[in-house]
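Between the sequences and the hints, there should be enough to build the whole structure, so can you do that?
Residues per chain are reported as follows:
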Amino acid sequence: MTDRTPTLLDAQHVDVTYHPAGGSPVHAVRDVSLSLRQGEFVGIVGESGCGKSTLGFALTRLLQPPARLTGGRILFDGTDLASLDGEALRAQRRNGIALVLQSGMNALSPVRSVEHHLRDIVRAHARDGEDTSKAAVRRRGVELLDKVRLPADVLGKFPHELSGGMRQRVSIMLALSLDPKLIVFDEPTTALDVIVQKAVMATIQDLQRESGFTAILISHDLGVVLEATNRVLVMYAGRIVEDQPSGQLLRGDHHPYTEALLGCYADPRADEVVLGGIPGSPPDLSLPQQGCTFAPRCTLAEDICLEVDPPLTPLGAGEAACHVRAAGMTEEASVV
Amino acid sequence: MSDHRSAQMPELRVDGVTKVYAARGRTRGAKTIAVDDVSFTLEPGAAVGLVGASGSGKSTLAKLVTASERPTSGTVTFGDVRVDRLRGRALRAFHGNVQMVFQDPYGALNPLHTVAYTVARPCHNYLGMNARQARNRVHELLDIVGLTPTEQYAAKLPHQLSGGQRQRVVIARALACDPQLIVADEPVSMLDVSLRAGVLRLLEKLRQDRGLSLLYITHDLLSARVVTDRILVLNKGTVVERGDTKQVLQHPQDDYTVALLDAVAAPHP
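Residue numbers (the working numbering), protein chains in the order written: chain P, 1 to 336; chain W, 1 to 269.
These aren't lab readings, by the way, just hints derived from the structure by calculation. Incorrect hints may have been included.
PhoX-like, lysine-lysine: derived pairs with alpha carbons at most 25 angstroms apart [as the list claims (entries may be wrong)]: (1) LYS157(P) x LYS147(P); (2) LYS31(W) x LYS198(P); (3) LYS246(W) x LYS181(P); (4) LYS181(P) x LYS157(P); (5) LYS157(P) x LYS31(W); (6) LYS147(P) x LYS198(P).
Predicted model only: the values in this text are computed from it and were never measured.
This is the structure in structure tokens:
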């Protein structure tokens, strides 16, 4: 990845709010800006409720009520997705965005064969003059199944005849069917067995390298993200608190939250295994926030942390939003 | 509380146990051997891990040990009780001694009942306590699992709690009837990594303070390393490797154990 690789997605100041019936609004994604270059494989990690899935859905304009995109601009391939609606949005999605969900089981209809699923997608998004005959879909299906390392006879099978790993490979194959430029993987292997998980992740990595699509991997598992991606975004309480090349995350200083997350893992083969946790819980995002949202759980917090919300500033090879770690930046930060 | 019997805590002995599930309906006659000739012993106060991928038979073993299923052959004994033959009143008494903690703290709690109600049920059912005794016991249990201030947590409904707090409620309920053995089936796999250490430390502490035995079922080798002394690695219903947890993980002999270790994508240098 070089600086001259063109930008595929550029999101600025994205805000998402959930408006639950009868409850107070929850500000789930707060003023997030990020930009993805073509062919980049980016991971988003964080605890449940940190807004990582909400951000993924917002970037692809797939939010469902009660969630609403309440602010920001999402430039995808030069078009602002945030301003599109209806047919224009659908056409834009056909041109480049796909989503793979956590459970292949729930993403597939139990009463349709794999071929039927594929045919639905191909026909719904057919361009003028495109051959959508059964034979053509079948040819395309066999080709796609081969990509996700499944035998051709899977095409005629129903979801209940497939294992969890195979079903997830089918979801991936369907996501690939329209040659997307961007694929968002939302916890693609969480429901799978560890050994199957490793195999499915390996296939996703191979596909990404071969086809060159841009990928976002949303996961709670820092280990999986570090193995697969080139860049990691750490989210906490609706904000990106750190943005680093994946290879850098295991060395040097980081945002205290990133460090605390890393401390929750250990090598089960080590002589001494000490497993850390993070005491306390994330803030309630239905209340207004002041200062750094991690400060109440942070071991390094200083007075300024409770008052001023730190912006992302350079740290190591990337950026982090921390007053203490971004030493020397505190003066400027307090002005922001 | 457990002083009166700490001297003669029973031992769990699983001896040559096999469980075969026979299919019904269209595929009648097809047989699945979920557990194949497994033996192990769990001494009082010990923690043994059953480790394996999906379909390895680890959860079936949990069901056999807790008398939720009966083995096709082999025996399960707890002290001098034949677990595989229990029924009626004896089965109920056994369940007062052996409790389970399940994977999903979201599914294990009735969303309509408060924490106090959930934790008080076994106090009424197994210990025959009256309302006031049960109320005191609830606060004592919530204190043990670290849900303090207990008055505040007792009044809450499951949806007002985080996953880690819910799992603590499930553990408090399991402890309510003062069991001698806890069977924990993937108790932390649905929790955020930041909360796992807390729940694992709680299990470890309960074992030390109360002399509980723990049968810990997981696919996660890291948590097995943290809470167990010995592990059995299961593959397709059979034990492929067993021994001291640290020893097995540092020097795995079986290919399957190696594959499980390799599958762990752990962020460590």
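Cross-check of the supplied hints:
1. LYS157(P) x LYS147(P): holds, 17 angstroms
2. LYS31(W) x LYS198(P): Violated, at about 29 angstroms.
3. LYS246(W) x LYS181(P): Measuring from Cα to Cα gives roughly 46 angstroms; hence the hint is violated.
4. LYS181(P) x LYS157(P): The hint is violated at about 28 angstroms.
5. LYS157(P) x LYS31(W): The given pair, whose Cα atoms are some 23 angstroms apart, holds under the 25 angstroms limit.
6. LYS147(P) x LYS198(P): holds, 17 angstroms
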